[in-house]
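Chemist: If you want the building blocks of each chain, they are given just below.
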Amino acid sequence: MSVATETAQAPQIAHSEAKGFWSWVTTVDHKRIGIMYFLTSFFFLFVGGLEAMLIRIQLMRPENAFISAETYNQMFTMHGTTMVFLVAMPMAVAFFNYLVPLQIGARDVAFPRLNALSYWIYLFGGIFINTSFLFGAAPNTSWVGYANLTSGVFEPGRNVEFWIIGLSILGISSILGGVNFITTIINLRAPGMKLMRMPLFTWMTLVTSFLLVTAIPVVAVALILLAFDRFFGANFYEVTAGGDPILWQHLFWLFGHPEVYILILPSFGIISDVIPTFSKKPLFGYPVVVYAGILIGFIGWGVWSHHMFTVGLGPIADSFFVASTMIIAIPTGIKIFNWLATMWGGALRFPTAMLFAVGVVAVFTVGGLSGVMHASAPIDLQQHDSYFVVAHFHYVLVGGALMGLFSGLYYWFPKATGRKMSESLGKWHFWTTMVGFNLTFFPMHFSGLFGMPRRTWTYQAELNLETWNQLSTVGAFIFSIASLILVWNVFRSLRKGERAPANPWNAGTLEWSIPSPPHHYNFPSLPEIRSREPLWDDQERDEVEKVTLAEPDHEPEMPSPSFWPAFTALGVVATWVLIMTGIWWMPLVGLAFTALGIFSWAFQPAFR
Amino acid sequence: MKNVKTLRWTRNLGLMLTVAFLSACGEEYLQSTINPVTDYGEVTHNLYVQVFWWTMIILVVVLAVLGYVLIRFRERPGQEKPRQIHGHMGLEIAWTIAPALIVVAIVIPTIQGVFAVQRPPDGDALVVEVVGKRYWWRFHYPELGVTTANELYLPVGRPVSLRLESGDVIHSFWVPQLGGKRDVNPVVTKPEGEEAKRNWMHFTIREEGVFWGQCAEFCGEAHSLMGIRVVAQNAEDFQRWVEDWRTAAPTANAPDETPAEDTAGEAGTPSSAESAGPDGGSGPGAQDPTARTTAFPDDALVARGREVFFRESYCVLCHAIEGTPAVGEIGPNLTRLGRRSTIGAGMLENTPENLEAWIRDPISVKPGVQMPGAQYDVTYEGLTFPPTNLDDEQIRALAAYLSSMK
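Chains as they are written, first to last, in my numbering: chain A, 1 to 608; chain B, 609 to 1014.
Any given hint could be a false lead.
What the hints assert, rightly or not - Okay, derived cross-link-like pairs now, SDA-like style, lysine to any residue, Cα gap no bigger than 20 Å in a straight line:
no., chain 1, residue 1, chain 2, residue 2
1, B, 798, A, 344
2, B, 798, A, 506
3, A, 496, A, 424
4, B, 689, A, 345
5, B, 689, A, 313
6, B, 805, A, 483
7, A, 280, B, 960
8, B, 805, A, 427
9, B, 805, A, 424
10, A, 280, B, 681
11, A, 19, B, 673
12, B, 689, A, 349
13, A, 280, B, 686
14, A, 280, A, 538
15, B, 689, A, 344
16, B, 798, A, 345
17, B, 805, A, 538
18, B, 805, A, 506
19, B, 689, A, 244
20, A, 280, B, 673
21, A, 280, B, 1014
22, A, 280, B, 798
23, B, 798, A, 235
24, A, 280, B, 805
25, B, 798, A, 483
26, B, 689, A, 64
27, B, 1014, B, 973
28, A, 427, A, 345
29, A, 427, B, 662
30, A, 427, B, 678
31, A, 280, B, 687
To be verified - Away from chain B, derived, C-beta distances all over 10 Å, residues of chain A:
no., residue
32, 18
33, 175
34, 186
35, 243
36, 302
37, 318
38, 337
39, 343
40, 369
Quick caveat, the hints were computed from the structure, so don't treat them as lab data. Think of the CB as a built atom: it goes at the ideal place given N, C-alpha and C, for glycine as much as any other residue.
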C-alpha cells in the first residue's frame, strides 16, 4: 500500500511521507485515492467473478440444482450490480483520479476532499450492498430491477430495499466524482494545455464526467420514486392506482444507456493513448476521435428505448429509436477506423498493454456489430432478453471496457509504482483471457439464437442447449485462471517488478515527464505545453523536463489531510441505511452525523 | 515464422468452429429463433439474415485490416521513426459516409419491418386473450368460450391475434418459432373514458406442430419454469378440440349430478356448431353416454377423487373445471387436464404419478410456485393459503380424477 510514497524524498510536509493506515484514511492526495479506488474495485471484480462462476456452474447442465432458484436470482442480480457499479465504473474512476491531474499538469484535483468523500461513500456503499448476503436477502430482481416486480406485494423481503439504498448511495459518489473531474479538467490545466492538446484519456474522462452528473440523477429519481412506493406507500409504479411500471423502464434506460458510454468511453480513452505510444505515431485524426467521443456522449441520450422494443411503444417510437441507435454506430466505427489508421505505417511493439488495446479493437468490433443486429427492432424482438444479448454486452463491457482498463493497468502501472509489471506473466494473462473470454461468451450467441432466455435459473434438457452452456462454463473457468494470473502479476510486480524510469514506453504525453512514481506534489512547477505530444519533440521535451524533473528548493504546499471526508461519508451512508429501519427519525441521526462532518470539514483549514 | 504458424492455427480453429456450427444446426432446437413458422416470424428472420450479412462483411473487413496491420507494421530492428501522420480529411470523410450508407441500407427495411410486425391482420382473426401470471399462462378464447392454461391450441392458416395482459408483474410472451417476443404488461388502471393499453401479437401459422416457448422477462423466483407450448392444428382438428373443451369431460361430474350451466354453448358460433355435428360421436370420449361408465376402469378411484376435489379440499377456490361447479380463477383452469402433455407450465410430463407428486409437494418440483402443498402454506399476493392436509389416499384419488378428464 505504501508504494506510492516509496521514493518521495526529503519531504518537509508531514503529509508527503505519511505512512500507515491512518494516513490512508485521511489522505486527500488524488494518487492515493486513485490507488484505493483501484484496489477496492479490483477486490469487487473477484466478488462479481465468483458470483459469475456460481451462475456458470449452475448452467453447466440442464435442470441442474447446484444452487437454488432464489440463490441464483440473487447471484445474477448481484453479479450485474457489482460489475457495473462496484467494478467497471469505480475502476475507471481510479484511472481518472490517478492520471487526469498528471496528464493535464495539475498538482491535484480541484476538490481534493470531495474526492476523498466520493471514495469513502463508494467503499461504504459497496460494503453495505454486499452485507445483504449476511441476511440472506441479497437483491434478487436483476440489475435493472424492473417495476412492478420490485413492489412490496411481489417482493416483500428486504432484498429490493438493500438494492435501492445501495444504488442510491453509490450514485452520490459518482455524481460528486463527475463534478470534481469536470472542474479539474476545465480549470486546472497547465499553461498551453489547450483542450485540443489534452491526451485522449483526459478527453474521454471529461465526456464521461458530464454523463455522470447528468445521467446518475435520472436513476436517482427512479430509485427515489421506488423508495417512496416501498417505504411510504406511494403509487408511482402501482398499476391498480394508475401508476405505470413502464415509467421505471423509461427512467432506468434514460440513465442506463448513457451509463453504457460511462463504462466504455474511459476504455476508448485509454487505448487511444496506448495505441499511439506503441505505434510510435500520433493518434490518427485526433480531432475526429475527440468529436466522435463527444457525439457518442450526446446521441447516447437519445437511444434509450432500444432497450424497450418489446414493451409495445408503437411503431413510430420504435422507428425513431431504431434510427438514432443506428446513427451511434457511425462515430463508433470512426473511432475503430482511426485506431487502425494510427497503427497503419507505424512501428508496432506488443507489450501486454498494447496486446490488450488491440484485443479491445478486435473484440469490441464483434460486440458492436451484434449491437447493430438488435438495433433493428424486429430482430431485437427475438434477441432481446436472450443469451444473444448476454453475449453482446459482455463483448462490449468485458471485451471493450474491462480489457481497456487492463491495458491501462499494464500501461500506467510503472508510473504509479515505479516498477513494470511482468511481461511474461502479462502475456500469459492476455492469451488466457482471450481464450477464456471468447470461449465463455461466443457460444452464448448460439444459446441465445436457439432460444435460451437470460436470467433463467435452469433450462430443460429437450432444448438441446447443454453443449453451448458447457462451452461457456469451461471458458469461464479459463477466464478465472486468467484473472488469478493478473492478481499474481500485480502483487508480484509491486515487489519484484523491473524498476521503471520516468518514461519507460517512450510515450509522448505529459504524465511521463515526471518521475515514477511521482512526487506527492506531482509537478514542482508547471511546464509550458506547446503540442499534443510534448515528449516526442526533442526541443519541447528538454524544456518540459527541465521543469518537471527539477528538484525544488522548498516543496510546494499541498492540501492537508483530513478525517472529515471519511466521517461525512459514514454520515451519508448512515442516513440512507437508517431509512430501512422504518422509524421516521432514524435517518435524522445519520443526517446529524453528516451535518457534523460537513461543519467540521468547512472549518478545518485546507492548508496547514 | 511464428506469424504463419499462428495464422494456420487460427484458420484451423475457424474451420473447427464452422463444422461445429453446421453440425449444431442439424440438431433440433425446440426454441430456435431462426426457424420461423409464421408470417410474423418470417419478417423477423428475413431481416436478421440481411443484417447478419452486413455485419459479417464489416467484421471481415475490419479484422482483415487489423490482421494485416499487426503483421505488416511490426517494428523491425534498426527501423527509423515512422512518418508522423496526423490524419487525412479524405479518409475521415470516406469512413464516415460508408458506414452511414450501410446504416441507411439497414434502417429502411428495418422500419418497414417495424410496421409490418405490428399491423393487425386484414381477415377474420381468432382472438386469444393471454394472461401471464406468476408462473403460468391463461389462454381465453372469447369467440369460442374456451379457457385453458399453458398449452395454447391454434389453427393453422387462420390469422391469430393474441391480446396480452399480465395478472401481476411484467412477463414476456416468447415462442420463438412463432416470431419475436412481446411484453405482457399489467394493465394500468385508467381514468374513466380512457382506454386501457394492452399489447397485441398478430400472426398466421403456416404448419402444424408443437412449438415451445417460455416467459422472457424476469418475473421472480420461478421465471425460468414458466413454459408455453403452442399446438398448431389443422382447422378440423382444432374445431374438434374446441368442441371437446366446451363440454364437461365424461368423468368431470358424478353421473347423478347435473352439470353446471353450460355457458360455453352461448358463445359458440354457428359455423363451429355445424362442423361439430358429424364429428361429435367420433371425438375421443365425447358425448357418448357409455364412455362415462366403461372408459375408466378405476371408476371408483375417480369418483373418490371427485369427492376430494369438490368436498374435501379447497381446490375449487383457485381452479375451474368446465361444466362443473368449480369456477376458481386464481390458478390454471383444469378442464380436461388429462389431455395436457405437461403439468406445472412445462415442468413435468403429465402422468398420474407426476400429478400426485405435484399435488403433494409442488415447490420441490417448481421452486417459487404459488400453490400450497399437502404440508405447507403459500402466500399469494398477501393472502395466505393453508396446507391442503391431503393424505396419500386422497392425493392418489385426486390425481386419478384429474387424469381421467381427457
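Chemist: Need the status of pair residue 280/A, residue 673/B: alpha-carbon distance at most 20 Å?
Modeler: It holds: about 19 Å lies between the C-alpha atoms, which stays within 20 Å.
Chemist: Can the restraint linking residue 805/B and residue 424/A be considered satisfied, given a maximum Cα separation of 20 Å?
Modeler: Not OK: residue 805/B and residue 424/A at ~61 Å, beyond 20 Å, violated.
Chemist: Looking at residue 243/A again, its CB stays over 10 Å from all of chain B?
Modeler: 7 Å, violated
Chemist: Are the Cα positions of residue 798/B and residue 506/A separated by 20 Å at most?
Modeler: Outside the cut-off at roughly 66 Å; violated.
Chemist: For the pair we were handed, residue 798/B and residue 344/A, check the Cα-Cα distance against 20 Å.
Modeler: 61 Å, violated
Chemist: Hey, is residue 337/A genuinely clear of chain B, shortest beta carbon separation above 10 Å?
Modeler: 4 Å, violated
Chemist: Regarding the pair residue 805/B and residue 427/A, is the alpha-carbon distance no greater than 20 Å?
Modeler: Violated, because 56 Å separates the two Cα atoms, which is more than 20 Å.
Chemist: Could you grab the alpha-carbon distance between residue 280/A and residue 686/B and see if it respects the 20 Å cut-off?
Modeler: The hint holds at about 14 Å.
Chemist: Non-interface claim for residue 302/A: all C-beta distances to chain B beyond 10 Å?
Modeler: Holds, since 15 Å exceeds 10 Å.
Chemist: Between residue 689/B and residue 349/A, is the straight-line Cα distance small enough, at 20 Å or below?
Modeler: 13 Å, holds
Chemist: Does residue 689/B pair with residue 244/A here, judged by a C-alpha cut-off of 20 Å?
Modeler: Not satisfied, since the Cα-Cα distance of roughly 62 Å exceeds 20 Å.
Chemist: Within a Cα-Cα threshold of 20 Å, do residue 689/B and residue 313/A meet the stated pairing?
Modeler: 56 Å, violated
When the structure is compared with the earlier hints, violations turn up for hints 1, 2, 5, 6, 7, 8, 9, 11, 16, 17, 18, 19, 21, 22, 24, 25, 26, 27, 28, 29, 35, 37, 38, 39 and 40 and for no others.
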